[in-house]
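The working numbering numbers the first residue of the sequence shown as 31 and each following residue consecutively.
Keep in mind that a hint or two might mislead.
Each pair of labels, with its calculated beta carbon distance range [what the hints assert, rightly or not]:
1. Gln-80 with Ala-143: 30 to 38 Å
2. Ala-205 with Ala-153: 19 to 27 Å
3. Val-198 with Glu-242: 32 to 40 Å
4. Ser-76 with Gly-269: 40 to 48 Å
5. Thr-249 with Pro-97: 36 to 44 Å
6. Leu-344 with Asp-174: 31 to 39 Å
7. Glu-224 with Pro-317: 14 to 22 Å
8. Asp-332 with Asp-174: 32 to 40 Å
9. Asp-332 with Lys-219: 18 to 26 Å
10. Asp-187 with Ser-215: 26 to 34 Å
11. Lys-219 with Asp-174: 36 to 44 Å
12. Gln-80 with Ser-323: 58 to 66 Å
Mimicking SDA-like on lysine to any residue, the simulated pairs with C-alpha atoms at most 20 Å apart in a straight line are [stated by the list, open to error]:
13. Lys-305 with Ala-166
14. Lys-219 with Ile-230
15. Lys-305 with Ser-295
16. Lys-243 with Ala-264
17. Lys-254 with Asn-229
18. Lys-308 with Lys-219
19. Lys-130 with Gly-164
Please keep in mind that the hints were generated in silico from the structure rather than gathered at the bench.
Backbone N, C-alpha and C fix where the C-beta goes; we use that ideal spot for every residue, glycine too.
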Amino acid sequence: MNILVIAEHNHESIQAATLNTVMAATQISAHTQGQVHLLVMGHAASQAAQAASSMAGLSQVIHVDGPPLADGLAENLATQVHALASAYSHILFPATAAGKNTAPRVAALFDVAQVSDVTRIQAADTFERPIYAGNAIATVQSLDAIKVLTVRTTAFDPVSPSGGHALVSVASAVADSGNSRLLGSDIAKNDRPELTAANIIVSGGRALGSPEKFNEIMTPLAIKLGAAIGASRAAVDAGYAANDLQVGQTGKIVAPGLYVACGISGAIQHLAGMKDSKVIVAINKDPEAPIFSVSDYGLEADLFTAVPEWVAAL
31 MNILVIAEHN HESIQAATLN TVMAATQISA HTQGQVHLLV MGHAASQAAQ AASSMAGLSQ
91 VIHVDGPPLA DGLAENLATQ VHALASAYSH ILFPATAAGK NTAPRVAALF DVAQVSDVTR
151 IQAADTFERP IYAGNAIATV QSLDAIKVLT VRTTAFDPVS PSGGHALVSV ASAVADSGNS
211 RLLGSDIAKN DRPELTAANI IVSGGRALGS PEKFNEIMTP LAIKLGAAIG ASRAAVDAGY
271 AANDLQVGQT GKIVAPGLYV ACGISGAIQH LAGMKDSKVI VAINKDPEAP IFSVSDYGLE
331 ADLFTAVPEW VAAL
């Protein structure tokens with residue numbers, strides 16, 4: 031049977047997390063011999079659907095357009111997926127905030143169990159996922175006829191956004207469920223690269239001491255390296271950085287090419303969110319800080335001295 035991937039988009043282009051999820055779907059299709067289809071739901075999102083048709087690994091893009099889907103409300107998205115996906119063996123969501131919001135509702139509508147945070151495909155019905163903050167890997171076998179998965183995007187390379195020639199088909203939108211409505215949104219604006227898509231991330235911890243020091247130390251380094259800015263949970267809880275910058279088990283899971291941890295001790299929930307980074311650099315004056323156990327390069331130094339010196343040398 032075929033495999034359905036639920037796309038994330040901004041009504042104009044496909045979000046990077048979808049490319050990684052399609053890669054996971056193609057690995058499942060190698061076991062099932064089925065095709066991979068992509069579902070693009072939204073309102074006035076035809077540009078995103080056309081962009082998706084060029085994505086490698088897809089045989090079909092299903093475009094559903096309707097006002098109930100404009101705001102990405104999980105209740106309406108889940109109802110739409112349920113109406114279309116009964117003929118698929120697997121339904122895949124990126125393990126992002128939006129995916130985690132919609133996938134459980136879809137699983138409930140199909141009365142099946144959800145498999146969360148898949149990091150490896152062993153077989154069509156067998157998957158690996160981290161537990162205990164990534165300290166153990168569970169192998170999960172699902173015997174459900176329809177398997178609903180969320181995919182940890184950092185565990186899979188993205189497919190190419192170009193080079194494909196998928197057919198675009200149109201499906202009818204379902205009616206508004208009436209269970210929720212969007213009252214408003216407050217979109218965080220940041221001139222730095224998107225955290226989950228950045229190849230370089232510089233993160234600050236509670237040791238920075240204040241919001242002013244956080245910006246004073248971290249921003250010049252991020253500008254010099256062309257990096258996104260992240261933060262530990264402790265820094266976010268202390269008000270030094272915005273919530274959307276939090277890296278960790280309860281924040282965003284990242285795996286950039288270079289991760290620089292400044293004044294971050296390395297609590298287990300933070301390590302769970304960044305330990306798959308290709309190269310990890312840690313700056314901390316505590317030689318016993320757990321962050322040094324996962325870092326490729328460690329500098330035992332005062333970050334208020336070391337980081338400005340690094341910036342000056344770049």
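Structure-based check of each hint:
1. Gln-80 with Ala-143: 30 to 38 Å: 35 Å, holds
2. Ala-205 with Ala-153: 19 to 27 Å: For Ala-205 and Ala-153 the Cβ distance comes to about 38 Å; the hint is violated.
3. Val-198 with Glu-242: 32 to 40 Å: Distance hint for Val-198, Glu-242 is violated at roughly 50 Å.
4. Ser-76 with Gly-269: 40 to 48 Å: 42 Å, holds
5. Thr-249 with Pro-97: 36 to 44 Å: 40 Å, holds
6. Leu-344 with Asp-174: 31 to 39 Å: 52 Å, violated
7. Glu-224 with Pro-317: 14 to 22 Å: 34 Å, violated
8. Asp-332 with Asp-174: 32 to 40 Å: 54 Å, violated
9. Asp-332 with Lys-219: 18 to 26 Å: 32 Å, violated
10. Asp-187 with Ser-215: 26 to 34 Å: Since the Cβ atoms of Asp-187 and Ser-215 sit about 32 Å apart, the hinted range of 26 to 34 Å holds.
11. Lys-219 with Asp-174: 36 to 44 Å: Cβ of Lys-219 to Cβ of Asp-174: about 41 Å, so the range 36 to 44 Å holds.
12. Gln-80 with Ser-323: 58 to 66 Å: 47 Å, violated
13. Lys-305 with Ala-166: 14 Å, holds
14. Lys-219 with Ile-230: Roughly 19 Å separates the two Cα atoms, so the pair holds.
15. Lys-305 with Ser-295: 13 Å, holds
16. Lys-243 with Ala-264: 15 Å, holds
17. Lys-254 with Asn-229: 14 Å, holds
18. Lys-308 with Lys-219: 27 Å, violated
19. Lys-130 with Gly-164: 18 Å, holds
Going down the numbered hints, you'll see the structure goes against 2, 3, 6, 7, 8, 9, 12, 18, while the others check out.
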